[in-house]
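Number of protein chains: 2
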Amino acid sequence: MKRNSSKHGTRSPIQNATFDLNEFLASSTAAVNDALDDFLPSATTRPTTIHRAMRYSLFAGGKRIRPALCLAAAAACGGTQAGALPLACAVECIHTYSLIHDDLPAMDNDDYRRGKLTNHKVFGEGIAILAGDALLTQAFEIAAQAAKPPRFSHLDMILELARASGSLHLIAGQVADLEGEGRKLSQEQLRYIHERKTSALLSCSVRLGGMSANCSAAHLQALTTFGRNVGLAFQVIDDILDVTQTSAQLGKTAGKDTRAKKATYPAIVGLAESRRIAERLTRKAFDALKPFRGRAPALEALAQHLLGRKS
Amino acid sequence: MKRNSSKHGTRSPIQNATFDLNEFLASSTAAVNDALDDFLPSATTRPTTIHRAMRYSLFAGGKRIRPALCLAAAAACGGTQAGALPLACAVECIHTYSLIHDDLPAMDNDDYRRGKLTNHKVFGEGIAILAGDALLTQAFEIAAQAAKPPRFSHLDMILELARASGSLHLIAGQVADLEGEGRKLSQEQLRYIHERKTSALLSCSVRLGGMSANCSAAHLQALTTFGRNVGLAFQVIDDILDVTQTSAQLGKTAGKDTRAKKATYPAIVGLAESRRIAERLTRKAFDALKPFRGRAPALEALAQHLLGRKS
Numbered sequence: 001m002k003r004n005s006s007k008h009g010t011r012s013p014i015q016n017a018t019f020d021l022n023e024f025l026a027s028s029t030a031a032v033n034d035a036l037d038d039f040l041p042s043a044t045t046r047p048t049t050i051h052r053a054m055r056y057s058l059f060a061g062g063k064r065i066r067p068a069l070c071l072a073a074a075a076a077c078g079g080t081q082a083g084a085l086p087l088a089c090a091v092e093c094i095h096t097y098s099l100i101h102d103d104l105p106a107m108d109n110d111d112y113r114r115g116k117l118t119n120h121k122v123f124g125e126g127i128a129i130l131a132g133d134a135l136l137t138q139a140f141e142i143a144a145q146a147a148k149p150p151r152f153s154h155l156d157m158i159l160e161l162a163r164a165s166g167s168l169h170l171i172a173g174q175v176a177d178l179e180g181e182g183r184k185l186s187q188e189q190l191r192y193i194h195e196r197k198t199s200a201l202l203s204c205s206v207r208l209g210g211m212s213a214n215c216s217a218a219h220l221q222a223l224t225t226f227g228r229n230v231g232l233a234f235q236v237i238d239d240i241l242d243v244t245q246t247s248a249q250l251g252k253t254a255g256k257d258t259r260a261k262k263a264t265y266p267a268i269v270g271l272a273e274s275r276r277i278a279e280r281l282t283r284k285a286f287d288a289l290k291p292f293r294g295r296a297p298a299l300e301a302l303a304q305h306l307l308g309r310k311s
Numbered sequence: 001m002k003r004n005s006s007k008h009g010t011r012s013p014i015q016n017a018t019f020d021l022n023e024f025l026a027s028s029t030a031a032v033n034d035a036l037d038d039f040l041p042s043a044t045t046r047p048t049t050i051h052r053a054m055r056y057s058l059f060a061g062g063k064r065i066r067p068a069l070c071l072a073a074a075a076a077c078g079g080t081q082a083g084a085l086p087l088a089c090a091v092e093c094i095h096t097y098s099l100i101h102d103d104l105p106a107m108d109n110d111d112y113r114r115g116k117l118t119n120h121k122v123f124g125e126g127i128a129i130l131a132g133d134a135l136l137t138q139a140f141e142i143a144a145q146a147a148k149p150p151r152f153s154h155l156d157m158i159l160e161l162a163r164a165s166g167s168l169h170l171i172a173g174q175v176a177d178l179e180g181e182g183r184k185l186s187q188e189q190l191r192y193i194h195e196r197k198t199s200a201l202l203s204c205s206v207r208l209g210g211m212s213a214n215c216s217a218a219h220l221q222a223l224t225t226f227g228r229n230v231g232l233a234f235q236v237i238d239d240i241l242d243v244t245q246t247s248a249q250l251g252k253t254a255g256k257d258t259r260a261k262k263a264t265y266p267a268i269v270g271l272a273e274s275r276r277i278a279e280r281l282t283r284k285a286f287d288a289l290k291p292f293r294g295r296a297p298a299l300e301a302l303a304q305h306l307l308g309r310k311s
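Top line first, the protein sequences correspond to chains A and B.
Under our numbering, think of the first position of the first sequence as 1, with each following residue one higher.
Under our numbering, think of the first position of the second sequence as 1, with each following residue one higher.
Be aware that one or more of the hints could be misleading.
Copies of one chain are not kept apart here, so a pair can be met inside one copy or by any two copies together.
[Claimed, not checked] In silico DSSO-like links for lysine-lysine, alpha-carbon gap of 30 Å or less:
id, residue 1, residue 2
1, Lys256, Lys121
2, Lys261, Lys121
3, Lys290, Lys261
4, Lys290, Lys256
5, Lys256, Lys148
6, Lys148, Lys290
7, Lys148, Lys116
8, Lys121, Lys284
9, Lys63, Lys261
Calculated directly from the structure, the hints in this document are not laboratory data.
Only a predicted model underlies this, so the values are computations on that prediction, with no experimental measurement involved.
Isolated chain A (complex conformation):
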């Protein structure tokens, strides 16, 4: 928590205009990286290949957006960083496993991710599949170590994580994405994919953060609406960046969606309308935070930051 204390004693944390997002992101990323390093077996633990492969992707420079959302939601509900950290780390393990498997030749067949070779390009397909499996399993081991808040059971949190990651959400999105390749999709069908592939886990991140802070039912509902809208906006922006940015700017192959004949928001509704949709979703996310009466500056700043991001 020491990293979270403000260097500017006179600054009020509830005034969004003065909220230092960079400081919040630096602090939460450092805490998450330290905790992940502690939770995972070391790279010298036998069999070393699997632990090196797990760590390779987990520490490949991910932006830790989901953990930041989790910690920000906990803060908005009056919780501590320490209380939310295991859940933030669990979500990041799920996210990383999904990227490793998505990049496989049988899926998106990607050679680069975050400017580095993808897991299977370094360790081979067999180990990459197992590294994904191991990170998915590790997520539940880590989540099971979170402290129990009075209002929620451990089961609530395990179920939350399992459902967001399961065949009705995260995996459903990946399946629909795989099956949609080369087909002409409607905006509704694309929204179905994005809501499951991206929005579900982002929403889960903020919900788990709130739960770790023993949030009220009203706050949990607010976080859910916030997470869903920010999550969908996040993916619409991803679609926009794929057509407007270079590979070097993105750290992954740009223009890939178009070449893979994947449906994107810009392809269906155009670039300008896609931007309007992302802005509208972000506004909805902001509106959802009303029950926090200005005491969710980190969530507000994150939503704004995600809308304006360039990679």
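Starting from the known structure of chain A, arrange chain B on it as the hints suggest.
Same frame as chain A, now just chain B:
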């Protein structure tokens, strides 16, 4: 539980000689199949591909050995079938996911399993990877629905499942197996693989069964030793069957280990010594059951059955 009641009113369930293993297996398999069918999204749930793929492998005629061990351990500790069922189903989901991923071209590259085409031969590699991921995730969702016994927390049970399935056990075994192909392994190295790839999840099955029945520490220790020895015996017998049985008898490709240049007990110590090792391990498993004073007839019968199996 009604299926578990004996048709022979005069039979004492603590007399192993009269214990009807076939009836126990039929009853536990029926209960597990029904429960799995309930826990899993239906084959018509969207996206249907993933649910059809998950169900294809989950209902491909597996012998349900791990669930049977789980239910038998619960019975030995005075628990109910209903209490152990979610954990028995969770373990079977983990087992099935591991088979789907093991069969992939990047791993063992197998076309047949239990006499049927492997998952990726029917649904393609991408969906097979996702079906494995989804079953692994589903396992935790199911396990999280088990009732909490007084002596153990839900976390104890989630951690038990996650650890047995993680990078230090089930996945460690698969990694070592993959890396050992074509190399000359010592008996010690082969034992390392078998203990992780097979023994860990079998041991977890009986431990979870015991925990669901609120077992004592002494009984949990006994079940652990039983599970480890039965698990290792199980894999040694698998090695023996691979060289002595035909593909038709096994329902999967026979002689595969030899052709894949995989180390096996018969290759390292010979067929006769392999049989002696399997018998010795089974005896150790029996000895471990002493604290149950004859009240673990299903576990005894299962150990004996696994030693003598032909497929």
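Quiz item: Is it within a copy, between copies, both, or neither that the alpha carbon of Lys121 lies no farther than 30 Å from that of Lys284?
Solution: Answer is neither: 40 Å inside a copy and 45 Å across each miss the 30 Å cutoff.
Quiz item: Checking Lys290 and Lys261: alpha-carbon separation at most 30 Å within a copy, between copies, both or neither?
Solution: Neither: 40 Å inside a chain and 64 Å across chains, both beyond 30 Å.
Quiz item: For Lys148 vs Lys290, is the C-alpha pair at or below 30 Å within one copy, between two copies, both, or neither?
Solution: within (27 Å within a copy, 38 Å between copies)
Practice problem: Measure nothing new, just compare the shortest in-copy and cross-copy C-alpha distances for Lys256 and Lys121 to 30 Å and report within, between, both or neither. | Solution: Classified as both; 18 Å inside a copy, 27 Å across copies.
Quiz item: When no copy is named, should Lys261 and Lys121 be tagged within, between, both, or neither for a Cα gap of at most 30 Å?
Solution: both (23 Å within a copy, 25 Å between copies)
Quiz prompt | Alpha-carbon proximity between Lys63 and Lys261, which holds within one copy, between copies, both or neither at 30 Å | solution = within (27 Å within a copy, 43 Å between copies)
Practice problem: State whether the alpha carbon distance between Lys256 and Lys148 is at most 30 Å within one copy, between copies, both, or neither. | Solution: Classified as neither; 43 Å inside a copy, 48 Å across copies.
Self-check item: Same-copy or cross-copy closeness of Lys148 to Lys116 [CA-CA at most 30 Å]
Solution: Classified as neither: same-chain Cα gap 38 Å, cross-chain 45 Å, threshold 30 Å.
Quiz item: Is it within a copy, between copies, both, or neither that the alpha carbon of Lys290 lies no farther than 30 Å from that of Lys256?
Solution: Neither: 38 Å inside a chain and 63 Å across chains, both beyond 30 Å.
Checked against the numbered hints above, the structure breaks hints 3, 4, 5, 7, 8 and satisfies the rest.
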